[in-house]
Amino acid sequence: MIRLWLPLTFSAILFAAGIYGVLARRNAVLVLMSIELMLNAVNVNLVAFSQYLKDALQAGQIFTLFVITVAAAEVGIGLAIVILIFRNRETVNVDEVNLLKW
Amino acid sequence: MVVAAVGTVGAFRLVTSKNVVHAALYLVVALGMVGAVYLLLAAEFVAWVQILIYVGAIVVLLLFSLMLTKAPIGREALDNQQRGVAALVALAVFAGLLLLIRDTFPDQRIEVQATNTADIGNSLFRGFVLPFEVVSILLLAALVGAVVIARRDGSE
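Read top to bottom, the protein sequences are chains A and B.
Numbering of the first sequence is given in this note's numbering, commencing with residue 1 and proceeding in unit increments.
Numbering of the second sequence is given in this note's numbering, commencing with residue 1001 and proceeding in unit increments.
Hint data in this document are derived by calculation from the structure and do not stem from the laboratory.
Among these hints, one or two may not hold up.
[As the list claims (entries may be wrong)] Below, a list of computed lysine to any residue pairs in the SDA-like style, where the Cα atoms sit at most 25 Å apart:
(1) A:54 <-> B:1114
(2) A:54 <-> B:1047
(3) B:1070 <-> A:95
(4) A:54 <-> B:1117
(5) A:54 <-> B:1106
[Said to hold, decoys possible] Derived, one-sided and incomplete: chain A residues facing chain B with beta-carbon distance under 8 Å:
(6) 24
(7) 35
(8) 38
(9) 47
(10) 48
(11) 51
(12) 75
(13) 79
(14) 88
Just so it is clear, CB atoms sit at the ideal spot from N, CA and C, and this is done for glycine as well.
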């Protein structure tokens, strides 16, 4: 017997930490790490509610697997872009990359 | 409770650490504790997938890219000037979420029922075949895209 608010609060903490990381970090790789943290917060919620609602199909856990897959793809593409930017601009700081700025 | 506390510490150190490699290792701590939470919630397969994919693959990928990009060390090099505003926004989001959670689920309890890999497999390949295939196509596209983006030009 686990109280439902416990995993939910854990997930809220992870999400808030992820938001802080995305907003405050300059290094693009660290921003990607914070995004991973936020995705994990969502996954914790999905699993917790899947168990709480006693879903016969375990849709929450299945979607957690999908989210993990999409996160892996996202990190692969993101890091490829980061390495490309570093090769061209010699920096990975998100506030110095202003190619798309109007 | 203990698992959640350790995971919280890991997450905080991840976003405040001055050394990027330490940040990546704290990411391992946070993700491992998320996996432990899955185990406590009796989501066995998801927990092992979490350990394998995140702690095994994604963190190694992140560490490699940190090495390739020669990331600088130090608070001024890693954090920008919006740190106070960012902390404020994060705290506001956390307070809002906490309020909603405590308001909506004051004392509901999860009756943990074990789900093993066979259950997940049955559900995945009976009810969710189409999303499974779509995700595999997405993964293939991401793989090809990453190769194309990261390849050095001039070969063609």
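Verification of the hints:
1. A:54 <-> B:1114: 11 Å, holds
2. A:54 <-> B:1047: The given pair, whose Cα atoms are some 18 Å apart, holds under the 25 Å limit.
3. B:1070 <-> A:95: Holds - the C-alpha atoms of residue 95 of chain A and residue 1070 of chain B are around 17 Å apart, at most 25 Å.
4. A:54 <-> B:1117: 16 Å, holds
5. A:54 <-> B:1106: Holds, because 19 Å separates the two Cα atoms, which is no more than 25 Å.
6. 24: It holds, given that the least Cβ distance between residue 24 of chain A and chain B is near 4 Å, below 8 Å.
7. 35: 11 Å, violated
8. 38: 10 Å, violated
9. 47: 5 Å, holds
10. 48: 6 Å, holds
11. 51: 5 Å, holds
12. 75: Because about 5 Å separates residue 75 of chain A from the closest Cβ in chain B, which is inside the 8 Å limit, the hint holds.
13. 79: Residue 79 of chain A check passes; min Cβ-Cβ to chain B is 4 Å, inside 8 Å.
14. 88: Since the shortest Cβ distance to chain B is 10 Å, the answer is violated.
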